[in-house]
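**Student:** For reference, the chains in residue letters:
Protein chains: 2
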Amino acid sequence: MNNKLLTVGTLAFDTIETPFVRVERTMGGAANYSALASAIFDIEQAIVSVVGEDYPASFLQILSEREIDITQVEKRVGKKTFFWSGRYYENMNERETLETQDGVLQDYIPKLPSHFLDASFVLLGNQHPQLQLEVLDQFVAPPSLIVSDTMNYWIDHSFEQLKEVIQKTDVLTVSDQEAFAITQEKVLLKAVEKLQQMGATYIIIKRGEHGAMLFHEDKSFYTPALPLCKVCDPTGAGDTFAGGFVGYMAQTGDISFENMKNGLVYATVLASFCVEEVGASKLLTINKEEVLRRLFSLKELTQFDIKVV
Amino acid sequence: MNNKLLTVGTLAFDTIETPFVRVERTMGGAANYSALASAIFDIEQAIVSVVGEDYPASFLQILSEREIDITQVEKRVGKKTFFWSGRYYENMNERETLETQDGVLQDYIPKLPSHFLDASFVLLGNQHPQLQLEVLDQFVAPPSLIVSDTMNYWIDHSFEQLKEVIQKTDVLTVSDQEAFAITQEKVLLKAVEKLQQMGATYIIIKRGEHGAMLFHEDKSFYTPALPLCKVCDPTGAGDTFAGGFVGYMAQTGDISFENMKNGLVYATVLASFCVEEVGASKLLTINKEEVLRRLFSLKELTQFDIKVV
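Note that the protein sequences, when read in sequence, are chains A and B.
Mapping of the first sequence onto the UniProt record's numbering: position 73 corresponds to residue 73, and the numbering continues sequentially without gaps.
Mapping of the second sequence onto the UniProt record's numbering: position 6 corresponds to residue 6, and the numbering continues sequentially without gaps.
Treat the hints with care, since some could be wrong.
No copy is singled out in the list; a pair is fine if it fits within one copy or between any two copies.
Claimed, not checked - List time: in silico DSS-like cross-link candidates among lysine-lysine, alpha-carbon distance up to 27 Å:
| id | residue 1 | residue 2 |
| --- | --- | --- |
| 1 | 80 | 261 |
| 2 | 307 | 80 |
| 3 | 186 | 163 |
| 4 | 80 | 282 |
| 5 | 230 | 194 |
| 6 | 307 | 288 |
| 7 | 261 | 186 |
| 8 | 219 | 282 |
Derived by calculation from the structure, the hints in this document are not laboratory data.
Because the structure is a prediction, the values reported are computed rather than measured.
From just these sequences and the hints, can you work out the full model?
**Tutor:** Have a look at this one:
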């Protein structure tokens, strides 16, 4: 097992409206959020993605400054970068997609950097399942840990391919609503059981402000989200979570359930930073000391000794 | 400090409709749920409430069999017991009240049993704030721990009296939505801060399937709900939670924040039983061994050691 992490997903422009803030064409996309979160760990990381000729060099520089390999971030001349815009409502739990422009994603075929063909860790960020499968096909040896994300759109429009992704996935990270949509179940434990039957060995259920749960065989682990004074923009929190999780796993090289608990805790802490500022901006400034401080807050928040009466 | 707990609240008939089940005129009301939960602890407990002449002796016997003092459960001739009916929707998180009949609650003035005038623990179950205040007025010495519950109806219709209750309360147990409604805040930490300013020293935020949080000064503690295979009926889960919490506090006689964490954990476990069967039926059969087993499940679910990387 090596500490190489291949992160696959979109690099995008996001236009975001919340009750508190509005930004236009900010740096977004699953791969950006995930890779920035993973980058706090001591690992080798590469991104596989595609951008249009309108994508600023400064955005890519943010990645290369963090020693993220971007040799397979394809720049397609005459095409436009993937664009997403959305609006959040009062309570920040629901959002509406206002517009998406596929741009460069049409006919894109991902290609792995040659020195990551043996990566032990892969994060298949939310993207067309077909692209996720094409990435997996290129590995010379099966990665030790494949972490996959998805979203409702693919559940509705590419379900057969998504099932194949899930079958090949070690750790599936989905929201509870996505788990219900995939399995047609309404009770969480039943949905988890079905996802396990579909081939995902580990299931992470993301519940936003209500935290996250990890399931494996008959074991489970729960971590709440950190209560925050300020929630500015939830965009990318799930991607940040996934990147934090797999980054921690890659650095520690221990893919046991016990160690995944810590992965969930690191992921939760990193996502807590993400939502405090608009877009990915807060992820650009965090350091390990701050992360550690919140890790201990999370421990303080959840730990207890049973007093038997 | 003694281990006497005075539980104040309604004894009622409930007619409940969920996607899975329908029952008519089952044993309900905050005091029933709370008292049955508290009754698993080794404490002295009395209920202050009122019923109509239609209330079955068998329902009261369930309480007296558990050594709950019902001498101040007033039976009013020619009046009808408080009646509530409600319907739950698909996801069980939202419900609609179909009907309430105040019946005996009109003009009712609660009266404390003489040997509970010195009770150290009081649970003011969800009820008209005026009744809650009348109970507090009768104590010969201030109780060590006053735990109060309420609901949106009183926030909307008796806010001034509710504020007085909160001011006199040690531990306020409310849902996040109720906390937002009372404080006109939208961010949990800000709502909690305002509730503290209003006089509640400890705040418990109940989040149903997402668990519960305890706040005190700048400290906080979180416990998730236990993931369950079967959620049959959420009616009374909040009352069960409150009863479990205060029952544990009364038995241990330690009202520190540290010990309240365990109170939250016991409360969570008791509420997890409540929702598995319709009405209060599951609370009639639980024993300490089952409670203990779930306490350890909850510990297993949440405990971790930080691995600093």
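**Student:** So, for every hint listed, does it hold in this structure?
**Tutor:** To see whether the hints hold, each was checked on the structure:
1. 80 x 261: Neither: 40 Å inside a copy, 53 Å across copies.
2. 307 x 80: neither (60 Å within a copy, 42 Å between copies)
3. 186 x 163: within (19 Å within a copy, 39 Å between copies)
4. 80 x 282: within (26 Å within a copy, 60 Å between copies)
5. 230 x 194: between (36 Å within a copy, 16 Å between copies)
6. 307 x 288: Close across copies (13 Å), not inside one copy (35 Å); limit 27 Å.
7. 261 x 186: So residue 261 and residue 186 pass the 27 Å test inside one copy only (25 Å; across, 31 Å).
8. 219 x 282: For residue 219 and residue 282, the Cα distance is within 27 Å only across copies (25 Å; inside one copy 34 Å).
The structure does not agree with the numbered hints 1, 2 stated previously, though it agrees with the rest.
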